[in-house]
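There are 2 protein chains.
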Amino acid sequence: MTDRIVIALDGMGGDAAPEMVVGGAARARRNIPSVEFLLFGDSERLEPLVRKRKVLSGAVEIRHTDQVVRGDDKPSVALRAARESSMRKAIDAVKAGEAVAAVSAGNTGALMAMSKFVLKTIEGIDRPAIVRSVPTVKGQCCVLDLGANVQCSPDHLVQFAVMGEVFARTVLGVERPTIGLINIGIEEIKGHEEVREAAAILRETPLPITFTGFIEGNDISSGRVDVAVTDGFTGNVGLKIAEGTAKLIASFLRDAFRSSWRARLAYILARPALAVMRERTDPRHYDGAILGGLNGIVVKAHGGTDSLGFSNAIGVAVEMAVNGFVPKIKDDFERLKNTAVPVADQEPVA
Amino acid sequence: MTDRIVIALDGMGGDAAPEMVVGGAARARRNIPSVEFLLFGDSERLEPLVRKRKVLSGAVEIRHTDQVVRGDDKPSVALRAARESSMRKAIDAVKAGEAVAAVSAGNTGALMAMSKFVLKTIEGIDRPAIVRSVPTVKGQCCVLDLGANVQCSPDHLVQFAVMGEVFARTVLGVERPTIGLINIGIEEIKGHEEVREAAAILRETPLPITFTGFIEGNDISSGRVDVAVTDGFTGNVGLKIAEGTAKLIASFLRDAFRSSWRARLAYILARPALAVMRERTDPRHYDGAILGGLNGIVVKAHGGTDSLGFSNAIGVAVEMAVNGFVPKIKDDFERLKNTAVPVADQEPVA
Numbered sequence: 068m069t070d071r072i073v074i075a076l077d078g079m080g081g082d083a084a085p086e087m088v089v090g091g092a093a094r095a096r097r098n099i100p101s102v103e104f105l106l107f108g109d110s111e112r113l114e115p116l117v118r119k120r121k122v123l124s125g126a127v128e129i130r131h132t133d134q135v136v137r138g139d140d141k142p143s144v145a146l147r148a149a150r151e152s153s154m155r156k157a158i159d160a161v162k163a164g165e166a167v168a169a170v171s172a173g174n175t176g177a178l179m180a181m182s183k184f185v186l187k188t189i190e191g192i193d194r195p196a197i198v199r200s201v202p203t204v205k206g207q208c209c210v211l212d213l214g215a216n217v218q219c220s221p222d223h224l225v226q227f228a229v230m231g232e233v234f235a236r237t238v239l240g241v242e243r244p245t246i247g248l249i250n251i252g253i254e255e256i257k258g259h260e261e262v263r264e265a266a267a268i269l270r271e272t273p274l275p276i277t278f279t280g281f282i283e284g285n286d287i288s289s290g291r292v293d294v295a296v297t298d299g300f301t302g303n304v305g306l307k308i309a310e311g312t313a314k315l316i317a318s319f320l321r322d323a324f325r326s327s328w329r330a331r332l333a334y335i336l337a338r339p340a341l342a343v344m345r346e347r348t349d350p351r352h353y354d355g356a357i358l359g360g361l362n363g364i365v366v367k368a369h370g371g372t373d374s375l376g377f378s379n380a381i382g383v384a385v386e387m388a389v390n391g392f393v394p395k396i397k398d399d400f401e402r403l404k405n406t407a408v409p410v411a412d413q414e415p416v417a
Numbered sequence: 068m069t070d071r072i073v074i075a076l077d078g079m080g081g082d083a084a085p086e087m088v089v090g091g092a093a094r095a096r097r098n099i100p101s102v103e104f105l106l107f108g109d110s111e112r113l114e115p116l117v118r119k120r121k122v123l124s125g126a127v128e129i130r131h132t133d134q135v136v137r138g139d140d141k142p143s144v145a146l147r148a149a150r151e152s153s154m155r156k157a158i159d160a161v162k163a164g165e166a167v168a169a170v171s172a173g174n175t176g177a178l179m180a181m182s183k184f185v186l187k188t189i190e191g192i193d194r195p196a197i198v199r200s201v202p203t204v205k206g207q208c209c210v211l212d213l214g215a216n217v218q219c220s221p222d223h224l225v226q227f228a229v230m231g232e233v234f235a236r237t238v239l240g241v242e243r244p245t246i247g248l249i250n251i252g253i254e255e256i257k258g259h260e261e262v263r264e265a266a267a268i269l270r271e272t273p274l275p276i277t278f279t280g281f282i283e284g285n286d287i288s289s290g291r292v293d294v295a296v297t298d299g300f301t302g303n304v305g306l307k308i309a310e311g312t313a314k315l316i317a318s319f320l321r322d323a324f325r326s327s328w329r330a331r332l333a334y335i336l337a338r339p340a341l342a343v344m345r346e347r348t349d350p351r352h353y354d355g356a357i358l359g360g361l362n363g364i365v366v367k368a369h370g371g372t373d374s375l376g377f378s379n380a381i382g383v384a385v386e387m388a389v390n391g392f393v394p395k396i397k398d399d400f401e402r403l404k405n406t407a408v409p410v411a412d413q414e415p416v417a
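The listed protein sequences derive, respectively, from chains A and B. The first sequence begins at 68 in this note's numbering and counts up one residue at a time. The second sequence begins at 68 in this note's numbering and counts up one residue at a time.
Be a bit skeptical, because a hint or two may be false.
If several chains are the same, the list does not tell them apart, and a pair holds so long as it fits within one copy or across any two.
[What the hints assert, rightly or not] Below are the SDA-like pairs computed for lysine to any residue, each with C-alpha atoms no more than 25 angstroms apart in a straight line: (1) Lys205 to Asp322; (2) Lys314 to Thr203; (3) Lys205 to Val241; (4) Lys141 to Glu261; (5) Lys141 to His259; (6) Lys162 to Ala148.
No wet-lab data here; the hints were simulated from the structure.
Please construct the entire structure, taking both the sequences and the accompanying hints into account.
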């Protein structure tokens with residue numbers, strides 16, 4: 068049992084929980100035989116699901132709890148009242164060192180509030196950010212913040228850039244990731260004060276990161292950079308616009324293939340090729356958003372995910388743990404602390 | 068010559084100007100025989116282009132000017148120094164009542180600055196916004212602001228909602244357009260103060276508009292509302308993310324159809340159906356963004372547009388003029404002024 072990797076799972080979070088959680092765990096273990104699970108939730112429902120799957124035999128410890136965080140629970144209420152919930156217990160297991168990461172498909176706000184409270188942010192980071200990779204023409208791009216912080220100061224954006232860089236190195240395996248700051252134009256004078264000031268700081272950063280300057284919305288999927296940084300409002304809306312656009316085109320494509328007998332025949336012929344394409348854009352393959360900046364790894368799977376998506380989120384958690392996401396961020400912020408010019412001493416930005 | 072509609076054209080704005088401007092004018096006149104043009108720019112280049120096209124015979128008055136606004140001119144510099152430019156002259160023609168609208172594919176910032184200076188905003192509107200319609204599963208949705216205002220107060224967002232509603236009635240012909248405010252969730256507590264306060268004001272508005280509350284990024288293309296309101300930063304980034312996503316999927320689709328002989332054959336069979344689909348998503352059919360909120364109609368065509376896109380932008384200008392976009396907005400703001408509770412007297416927003 069060397070190199071055991073223990074992941075704590077919120078067994079009850081997500082629309083299709085607990086079935087998809089256990090199914091996801093089984094899928095993940097098929098890919099990563101060294102992974103084991105601490106599974107929190109209603110043991111009466113979880114046990115038969117685990118027993119059914121041979122691959123999970125001996126790899127899952129179920130810890131019973133009755134309490135569940137619901138999708139519409141306010142974060143502050145969940146934080147105060149749901150201390151015995153499956154979500155909270157999973158995070159506590161990371162804090163206690165029983166697991167290297169927690170994965171949940173439950174309420175994002177509650178997960179963020181609990182994670183921040185239990186694990187605390189890394190020194191130098193004011194606020195955790197939600198990070199995920201999205202497909203591009205050239206591969207993948209890490210985008211943050213995807214909704215944790217609706218308003219961000221220049222310092223927050225700079226911290227996101229550093230976190231995103233580590234994420235790209237750790238999860239995407241890019242050696243020297245390039246970082247772009249999302250704006251409404253690439254010229255220095257464009258945008259509001261926060262992005263302009265963040266760019267000014269990043270241009271002068273003593274860290275060995277590759278800041279390429281401003282990028283525009285379309286530069287994410289064109290693969291111009293490995294990391295795209297923005298505030299949580301723009302990031303969240305943008306991600307959902309991208310999802311909506313993909314659905315719209317899929318619906319247009321369906322209409323097109325149904326529009327004539329000739330098109331229907333074409334569809335039959337094109338099916339294998341289209342399946343490959345669907346695979347490339349399948350959001351389940353990109354499931355697993357990290358709450359970055361914490362003293363511990365917490366991964367959020369999509370609320371509506373299935374076992375495939377959830378297994379991918381577990382895979383992200385394992386990769387982050389194995390590749391030392393948290394210590395790498397700590398290193399960077401340690402270095403930043405020792406070398407950075409305090410922001411207040413920077414030249415004023417035009 | 069009853070019902071002449073005269074449109075002022077910036078003959079030199081846009082990457083493919085002046086050819087695509089004259090080509091666009093010809094296309095537009097084929098669709099709308101009553102349209103005529105005041106064409107500003109280098110007469111030596113414009114005259115032969117116009118002469119070549121029979122459909123424009125007798126329908127174009129060329130007004131010579133040497134000065135051109137370049138794509139990288141700063142708006143403030145263009146405003147001060149380019150008073151004789153083809154862009155400025157086209158806007159001046161609207162102010163002078165010689166044309167009912169101006170269309171330009173030139174520098175957006177300069178066009179906005181000049182239009183605001185020459186035409187002024189309608190009483191009750193603090194800042195013009197950029198409005199455009201985008202395709203949805205059900206039809207089209209008007210989105211604003213697409214980049215004119217990087218930071219917006221609640222009042223600005225409310226004004227955008229009213230403008231957008233008129234736009235949807237005028238250009239899309241929707242009788243009672245529904246309006247949504249873009250946020251990172253649909254619950255009242257979500258988002259930053261500006262959107263929450265704007266929503267509170269819109270819920271209480273005395274105008275007969277249909278405010279449906281918060282929407283998320285994916286609700287634009289799902290067709291949930293006729294008008295989607297957001298600040299210019301989010302709107303600009305979001306629009307470009309949508310464009311980027313569409314390109315990404317098109318590139319995946321191309322790869323898919325090239326991946327095997329079977330897929331190549333399928334492509335040949337599917338070509339007519341795919342052409343229809345391409346037509347539905349072709350950005351040129353949605354070209355023509357309005358600078359809304361001004362005492363006059365100014366339409367911005369995409370900088371990289373061709374004659375098809377430019378003719379569509381002319382079509383938008385004609386529709387706005389014929390259907391009384393400006394007087395309708397004026398009516399609404401007049402009503403708003405007479406009935407509205409001052410914002411300061413509103414209940415505080417939680």
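Hint by hint, here is what the structure shows:
1. Lys205 to Asp322: between (28 angstroms within a copy, 13 angstroms between copies)
2. Lys314 to Thr203: Close inside one copy (16 angstroms) and across copies (10 angstroms); limit 25 angstroms.
3. Lys205 to Val241: within (13 angstroms within a copy, 41 angstroms between copies)
4. Lys141 to Glu261: between (29 angstroms within a copy, 21 angstroms between copies)
5. Lys141 to His259: between (31 angstroms within a copy, 16 angstroms between copies)
6. Lys162 to Ala148: Within one copy, since 19 angstroms is at most 25 angstroms while 63 angstroms is not.
Checked against the numbered hints above, the structure breaks none of them.
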